[in-house]
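Colleague: Residues per chain, in single letters:
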Amino acid sequence: ETGVTQSPTHLIKTRGQQVTLRCSSQSGHNTVSWYQQALGQGPQFIFQYYREEENGRGNFPPRFSGLQFPNYSSELNVNALELDDSALYLCASSARDRGAFFGQGTRLTVV
Amino acid sequence: GDSVTQMEGPVTLSEEAFLTINCTYTATGYPSLFWYVQYPGEGLQLLLKATKADDKGSNKGFEATYRKETTSFHLEKGSVQVSDSAVYFCALSSYNLDNTDKLIFGTGTRLQVFP
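Protein chains in written order, with this note's numbering: chain A, 1 to 111; chain B, 1001 to 1115.
No wet-lab data here; the hints were simulated from the structure.
Source: prediction; values computed, not measured.
Worth double-checking, as some hints may not be accurate.
[To be verified] Which residues of chain B face chain A? A few of them, derived with a C-beta cut under 10 Å, are:
1) THR1107
2) GLY1108
3) PHE1114
[To be verified] To give an idea of the interface, some chain B residues facing chain A are shown, with a C-beta separation under 8 Å as derived from the structure:
4) PHE1018
5) TYR1039
6) ASP1101
7) LYS1102
8) LEU1103
9) GLY1106
Beta carbons: idealized from backbone N, C-alpha and C, even for Gly.
With the sequences and hints as input, model every part of the structure.
Modeller: Have a look at this one:
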């Protein structure tokens, strides 16, 4: 049973604005990963945080950035929003070889 | 690079029919393999996993066997229910040199089960 929660659940932003999405990880999991899921596609890896440091990054530009806090919760920040950033953003917390547990996601719409 | 290929959907079945969703992968190392399920408007739920060759993952009547010789991890269920209607994602996880454990997903297969 997942204990990963994300906020907000839905968000509408204007092109050029900045957005912050939040995630609290499952108890005992010190690794948090963020994924972008465009409509009708599989999730794409954005980046991962382990013990408050970025620990790997997918093919996303620097305007996608993040933080992990001492309690292992995390934020995803996106600057200079573009229309193509409209997607479901998923946070996942994990422990090695156990699989990742996902939150319900934040649906971001950029207009 | 590593990748996952799934059969395209939608897969449309009657209740109690047998389900197979094909998944093959390409990986340079020894990945763990997963099936995730996504119900409408929700995030992904881990359905089952296998961490090494010949392992069988199972959960809620679903099964998949890690076949290294055919690089496959097909999802099966003997008798589907209407409540199984969802999108199913096959994924692999492998450790990179920077110790990043990222999931690589297929494009998903939509399953529709009718009474």
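Colleague: Hint by hint, note whether the structure agrees.
Modeller: Hints versus structure:
no.: 1; hint: THR1107; in the structure: holds, 5 Å
no.: 2; hint: GLY1108; in the structure: holds, 5 Å
no.: 3; hint: PHE1114; in the structure: violated, 22 Å
no.: 4; hint: PHE1018; in the structure: violated, 25 Å
no.: 5; hint: TYR1039; in the structure: violated, 10 Å
no.: 6; hint: ASP1101; in the structure: holds, 7 Å
no.: 7; hint: LYS1102; in the structure: holds, 4 Å
no.: 8; hint: LEU1103; in the structure: holds, 6 Å
no.: 9; hint: GLY1106; in the structure: holds, 6 Å
The structure shown violates the earlier hints numbered 3, 4 and 5.
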